[in-house]
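Novice: What follows is each chain in one-letter form.
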Amino acid sequence: MAIRLFAAIDVGSFELELGIYEISPKTGIRKIDHVRHVIALGRDTYKNGKIRYELVDEMCKVIEDFADIMKSYKITGYRAYATSALREAKNSQIVLDQIRVRTGIEVQIISNSEQRFISYKAIASKDAEFNKIIQKGTAIVDVGFGSMQVSLFDKDALISTQNLMLGVLRIREMMGDMQVSTQMLNTLIEEMVDNELNTFRKVYLRDREIKNLIGIGESILYLSRESHGGKPVEWITAEEFIIFYEKIKLMSLDQIQDRFGVNAEYAALLVPAAIIFKRVLELTRAEIFWIPGIRLCDSIAAEYAEEEKTVKFHHDFSEDILAASRNMAKRYKCHGPHTVSMEKYVLGIFDCMKKYHGMEKRERFLLQIAAILHACGKFISMRKPSESAYNIIMSTEIIGLSHMEREIIANVVRYNGLEFDYNRVQLNEELFRNTKGELSHEDITILIAKLTAILRLANSMDRSHKQKLSDSRMNVKEGKLVVTTSYEGDMTLEALSFNQKADFFEEIFGIRPVLRQKRRLS
Amino acid sequence: MADISEIYYNPDNYVNRELSWIEFDYRVLSEARDKNLPLFERLKFLSITASNLDEFYMVRVASLKDMVHAKYTKPDIAGMKADEQLEKISEKTHELVSLQYSTYNRSILPTLKQNGLRVISSHEDLSEAEGRFADTYFVRDVYPVLTPMAVDSSRPFPLIRNKSLNIAALLKKKSGEEELEFAMVQVPSVLPRIVELPVSESGERSFILLEQIIERNMESLFLNYNVVTTHPFRVMRNADLTIDEEEAVDLLEEIEKQLKKRQWGEAIRLEVEEKMDKRLLKILKRELIISSNDIFEIAGPLDLSFLMKMYGLNGFDHLKEVPYIPQQVPELMNEDDIFINIRKGDILLHHPYQTFDPVVQFVKTAAKDPEVLAIKQTLYRVSGNSPIIAALLEAADNRKQVSVLVELKARFDEENNINWAKKLEKAGCHVIYGLVGLKTHSKITLVVRREEDGIRRYVHLGTGNYNDSTAKLYTDLGLMTCNPQIGEDATAVFNMLSGYSEPLHWNKLVVAPIWLRARFLKMIRRETRNAAAGKPAHIIAKMNSLCDKEVIAALYEASCAGVGIQLIIRGICSLKAGVPGLSENIKVRSIVGNFLEHARIFYFENDGSPELYLGSADWMSRNLDKRVEIMFPVEDERLLERIMHVLKIQLEDNVKTHILQLDGTWEKPDKRGKTLINCQEQFCEEASLYVRAELGRLDPAGSRVFIPTESQG
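If you read the protein sequences in the order shown, they are chains A and B.
Count along the first sequence from 1, then add 97; that gives the number in the working numbering.
Count along the second sequence from 1, then add 6; that gives the number in the working numbering.
In isolation and in its complexed conformation, chain B is listed as follows (with noise of 0.2 angstroms):
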């Protein structure tokens, strides 16, 4: 191995994962403001930023914040200390808010008017007919679910729940005293924020939200006191689920018992409507016991999550992207099973493009297969009544035996992993819950069949969870495959995942967290070592996040050696590129499109015999040393070239990409005088160009010719 030199290393040619972030929300967000979008596709987008910053928030912000309370005062990548990135994030973070809703307030909401659709910003703004109407919506239907609380001597500071909608209110007796009392109701979060009010004569429809027509009503709720001012405000808490493992003796009821403390941890945010008043925030403030730097005065509705239900509303298609149908699979349009269509050669599976049932067929048909043996997957993120877990269920009353490891440690999905598990173990599958100290991430599932000549393994490994519904959504590969090879290795996979030893050697998949880290760097290292003895050598790679240093620094050495580096990266992104003397060869893009590109793909050039490689991890220290991931390579020359055209397209995009900049900021490629290339459309128009061609070649018809039955004398 050769010498790596210093500045591979120097924290100053790394970007701090969290600023970084930030970055990414500013693409989304970009794409809100996008007016070449469907007003509603921006909606969404604007919706999505906020979402993504509420989780940002959550983990990241929270994690920062335990790090200063714990006194830990390692530097990270970049060389920052925790309350040095605080500061920072607070910051930009302040800057992405404001222009969030500088597009919500100059450019989505004239719009969307312009369009035949009033938002009521606030209640004073309601017509008398308007107002009618709320009140008596507040009476009937939103009345009987609050509970307004006031603060006094006798009554403390009531907890207010994380990411709840809250109303605050200053009261004054009626008896006349002078002392103003707090008070505060909770937005019900059963009732839908957005409530349409009746269609005005112009025909044009209005909204308002709910938190105005409690504001306008909240007289109501304290009788006997004046209501001096009230405002809308939102509290985020530390949300970062941390297991101490070791000491838990049960898994699943540890994380029962921490998903209840989710609600009530530290105070790390608060978001208030701009120009709160004084006293009101002063209170807020000391109660919640927060800094001035975690308070975000909002220009507008708190917690813009509403626009996702906005987009939902029906009546305004002609303002969104036609929904796109995923298509079917050519290799099995046909009356076989999928198990001899499997047996025909190996499957790619390209999603959201092609459907996701395959997927699910799978397993489905497995379930009732008489002569499948066993079941076995790894399931991350599912979906609420997914079709995987009913059809796993009937396998096991088929008295298959059915392996399935349920990853509890998915942020945000605990408490829909924990119900599907019960379900699972009560039918007889053999649930595994995770393992200590790892998370399981990968995506692979195994069903063994007797058949004629012995037992044959069906395998598929994906990039993506197995969730039928964010397939629609994420861009992510799959492969099916009776590669005995794999098989082989599936197997090993789950009897390390079963606890058992580990298989004393491995085909074709390379496993995380032992191998993968030490994979990518020797192919990396191979690479570099190719460029410098003069031959070609090309790296691309496509995923999510890279954020790990050691890769990183071995990319940086690649560079050097003059090694064509391409990186399609959605999120996080810690290398600096096109840096003289460091990363010139290396040319960062980032993708953000409807789908949410999440697929993970490594080219290597090898010295003229390429290694195409799909799996699921991120080049993230965590991915690579806290994780079970599996790589697996992609061999059969369709499939590869079907792979190598994906990544081609994606780095001809042009519509939806942005190219990191020297200075870190990343920009949209200048279009002028070119095709204009939106990778995730064109990828849509080839699925079904594939569906075309495989119905033609069905049809007798559509090849225009007729064949002859020659006499066969």
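For reference, chain A alone in the conformation it holds in the complex (with noise of 0.2 angstroms):
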């Protein structure tokens, strides 16, 4: 049967959810059971930073009930996923041992980037809608329970996303406490969002026109939703999203409760979320507001039909990671031409080199990103670009990119300029254990050590920042690489660059490097 079925589990903040999903090249994506339980992992999280053994069991009880349901539809593959109420709390390793052993599901912690990535691809799955919307100045809202995301699309690619911790349980946390009217918790919330959203439009947003917003995360699923369990609302525009918010502002949590069909807990949540959604519109001017109703289940499932092959998307997500790197080349001010030739040369080194290293398509756009982003350390600090280049890319989200590539391609730049060393690739060794990361250590270590060694070579073939070799043909003959240009002038400082980096690139391929210029005979 051509038709898989498939399980997603999300350990959110406030509910744990499972999907099962159809999942077939004719029919794409279609959801057949969908359940939920409230459990407030993120009220224990966000406050103490532990999570309490009661709400463990608790948890543990009903993943167990979801395997159950799961063997009922004989799923074919499943994937839990946890976000940020387990990636933050203290004791997630043990959590996640204790859902392991009592229920058999492994739950692994996915990073905020990869979490937003994949609500990402569930709204392209949304062909017709998403690639119309689009094409005007669009920025994706992600109101979660402990942050928010934002993302800004310029023409058809996303090219800069940020997370705020502004989500809505994180919100209510900080107020908890306070004794004061609703109307003055609501300033105040008001006041909290202006200030985190007013220092993202200054960096991010200075001259983008953002004419459509989309809704996703939890919130403005509830939001959204039709009194008398109706159909919920796909599309409002700005106005009206306006009104909708003073009508609920005056709202009692009974009528909250009563309005939009949540628990007291939830009901407590919607107002801040509303907050956010409508200081949002306010501050893009957006007009649209598209809410396409995504879940995380459905994100999971949209990752998993898109690896598994099952459903193809027409958006290219790449164009979108290339985007974004570019934009954030931009803004730490690289140097343009130097970077496109270095993209032009370690492409071409890879690729003439494919005999010999052995790595795939992915290794080979990591390698073009780490390319665009040599030189952002720059920026910060010229006598050590190195170190801070590795900052930056490892506290940059780029949507599209795993925790573990984008840790790659730090350690490649950083790396770039400073002395390989086998036995100090540091790795963030905590993050890695139940990410998605399937390689070990060693093998990451090994692919740094390729992805240097190409980025390397390619640096010191334009160390002028003159394009000199511009023209330079690659290929491989009698166990050398042979980098032949025409150039004519003077090429003193590239050929001895060339030279120094040789060595260790001979080291890691067992290819020699060579740089001829061929001399036109007059």
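Worth flagging that the hints you see were computed from the coordinates, not collected in a lab.
For glycine and all other residues, C-beta sits at the position ideal for the given N, C-alpha and C.
Just to be clear, a hint being listed does not mean it is correct.
Claimed, not checked - Covered by chain A, per the in silico footprint, the following chain B stretches (three or more residues, Cβ under 8 angstroms): (1) 448-461; (2) 507-519.
What the hints assert, rightly or not - Partner residues aside, some chain A positions facing chain B, computed with beta carbon under 7 angstroms: (3) Val-132; (4) Val-135; (5) Ser-169; (6) Lys-328; (7) Gly-358.
Two chains, two frames, a set of hints: combine them into the complex.
Specialist: As structure tokens, then:
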């Protein structure tokens, strides 16, 4: 049967969710069952930094039930992802272990950017609307329990994304003990939201025109609900949303519970969520608000479907990543023409060395991004550009790259300017366990070494930043990588540098790079 | 929302539900009094009025008594406090009982005799030969199971079991002491209440009641005494189960405990034979702590429910309605399995005119089908030896996921349900014992099946319980469908019942207690608005009981706006119909027939795009607020037409219909010059017509036209 049954589990900050999906090339992704269990893991984490045993126990029981449901559908695969509540909990490892031991379900913690990326994929899986909406300036606003994410499109590519610590549960917890009137509380929340958003606007929004807003995340799903269990709202204009906000602002918790069909705990989160969306709409001056009704489980299914090649997307996600990286390079004033040649050189070397390095398409892609970003550290410090670049990359989210991929790129860029030491490659170990990393530490070290070797060599080829070798040709002959250029001027600097980097390159690949200047006989 | 003015909520405009219920029992009684009915059918109706009244006392009167004890003084919908209601009820039920017995004595007994059946009311009337027979029967079969009990200072007054029939006696020692002693014996419920005596020479069959035989032989139970007087009596006790669910750790255990307690609740009604010895009555009254209002002096045999047994006697078929055999369902009269047939289109089942088998078959087929992944069902009242339970057990054996919600709070069926529940659990089914604070009254079955093109869900939704024996007597509607939107909702219903959060939205189903009330009010008010705007507006609603204040107020408002409202209500109706300035446009009718009207149908005109729903809920507060109920739309044109036809015929019925009058009484319509329409009979005929039509279609000879096969070239 060409139909796969897939289960997605979302261990969220406020709820445990299980979605059962039917995935087939013919009908795409179809949700056939969906259950939710309210459990406020996030409350523990954001307040005390740990998840209590009682909650872990409850969580295990529910996940055990989930496993039964999965079994009853005879699913062929599942993925269970945990987000910020577990990510930030100090005892997350032991919690995950408990779940594994007691239920047999492997839960993976996904990083924020991974989470955002897969929800972005789920939006993109709604092809028709998505492709239409991103023709005009668009921002995706994803308000979660722990944080919110704003991602910006330029033309049809996603170019930047920022995570703001403005999750609804987090806001609620911060305001929790304050004894003030509801009105006052709303004003306070609004101020807090404004403060964060204004900085964001100054730095990232300056001259972008945003016409459309795409709202995702838990809370908007509730806000968009119709009363009496009807179909949720999908499109709403900014004015309509403001009117809606004015209405719910005045509602008591009871009324909110009734109107949106939520329990009391949840009801308290809806007004902060509405405030956030309202302020984002006002700040961006967006006109149309689209609520595609995406839940994390849907996103997990979309990711699985794409990886299993059961469903094809029209949107090119690698273009997004490249566009975002280029945008980043521009922000840190990297030398444009130099970056362009670097991209060209690394890919040239990669391609002609294919037989010898054994790397695949995704690694090539990481190399390309490393080339784009290799010089961003100079923006911070001319003396220690490598360390600075590493830090910049590590603290900038790039939607579409996993945390591990980003760390690989950051290391490649770092060792571009530092002595490479196999035993000193540092990885943020903690983040690796239970994330989606499938490679061992050693494998990653080797991968970093390989990519570094190529990047270094390519960098030497434009040592003077003058694109002298722009017409060069590369091929491997008799155990040598021969770079031939017809540049006729002086290229001493390049040749010197090339030779320096050639040693490391040979050490890694067993191939000696040779630079040849083809002199035309006059 | 428009302002609903004061009058719609004024208690004066409502009828107390208990008094309205008594009216209903009167309507059943009127069937027993209807000389046009076959004699034995009248026996049955008379028996029903008696068992109805028993249940009414045990549940309704009992809870009113509880209210009085608890000093609860909040008035009801009609502004009556509990003690006022009890007073009125006592008055009304005494009238009802005397009408019951005058029917029995003056009409039923003589007619039985005319038809060759002699019921001997008193053992003194036995002939000598009959007396000998009775005494032999007593010695051989009755005496061994009797437990006579005497009361004196060393032996306290015995506990008298709820609803048991007993004989009280006053004894006098043979030794000659003057003092009278009280003694009693329970009429054993293990023996048949009706005892047939040898057929007389004239061919007349004679019967006597068991208690008469015991009374006749009372002396032999108390050998050292002279029996001064003996009289049967019967006690009814408070049986309303009130379970503190938050406290009850295990619902199942708690209910078992309560069941035992039920035997010994406070006495709320004492029935004694008319002209019982005053001394005897005084003792009973004192020992049972019962007030005069709750004592019924009965002019005939106590507990008329034995008439149902008499109905079952062999040899009187000519005095009974010809038993109706539920017809086949045309859509299923083929070789295909039930899933294929459902895929061809939604199927409507109209019970008992059509057989309940497809529902059983649905679960049975699912239990065996290798592609079925899961079966989920709510079971409220199940019959003993239910084939559905058997099928579910089989499904669990076949490693299907079986989830069953067994409602333990179904009144008087708890004992039955607990057994099934345990059995299912043992077989590996996932059994949910109801929800805290809510009764699950919805009737829904979901079968999840893996098919070529993905998961497909088959759903059966009904207005009646999954009970194959009551399905022969209750008129209900059921829908079988594989509409994906309903399937999705059905899954969501079961997820909710398993304790998960509510679904994000519903496609088609409307579920109580959260959404149903608001939805009904919204639809009624939509008609009100339409009428106010001069558009056509019409509501037809059929249900068992109507007593929710908010709904009634909305109906009053709709009536005032000019909405035509036709209600078909079997039982309680707290609404006043046809009151000028309040409910002129509301007409209420009640059908009491051979079958128990049970379906709930709701029709709303909706400005020319009518909406029709079926459901499990009445317009009662308890259904809308304290129960899980499901209402589902019928959208298929074909099915819609059929249900509209059902409503039409029910509204035209003039044989079994009573119409609610302005003064609150119910009258049969004037039939003079009109064609008689008995809707239940008509539906019976139609169901066999459908079958014949289908057979005709299937049988090539039936069409009387030969269809030549033409050359394909």
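Novice: Decide, hint by hint, whether the structure agrees.
Specialist: Evaluation of the provided hints:
Against chain A, the segment 448-461 of chain B contributes 6 residues with a C-beta closer than 8 angstroms to a partner C-beta. That satisfies the three-residue criterion, and the hint holds. Remark: the segment 507-519 of chain B is confirmed as covered by chain A, as 8 of its residues place a Cβ nearer than 8 angstroms to a Cβ of that chain, reaching the required three. Given hint, A/Val-132 at the interface with chain B, holds; its Cβ is 4 angstroms from that chain's nearest Cβ, closer than 7 angstroms. For A/Val-135, the interface hint holds, since its Cβ comes within 7 angstroms of a Cβ in chain B; the closest pair sits about 6 angstroms apart.
Look at A/Ser-169: its Cβ gets to within about 4 angstroms of chain B, closer than 7 angstroms, so that hint holds up. Hint on A/Lys-328 holds. Least Cβ distance to chain B is approximately 6 angstroms, under the 7 angstroms limit. Nearest Cβ of chain B to the Cβ of A/Gly-358: about 6 angstroms, under the 7 angstroms cut. The hint holds.
Hint check: no violations occur; every hint is consistent with the structure.
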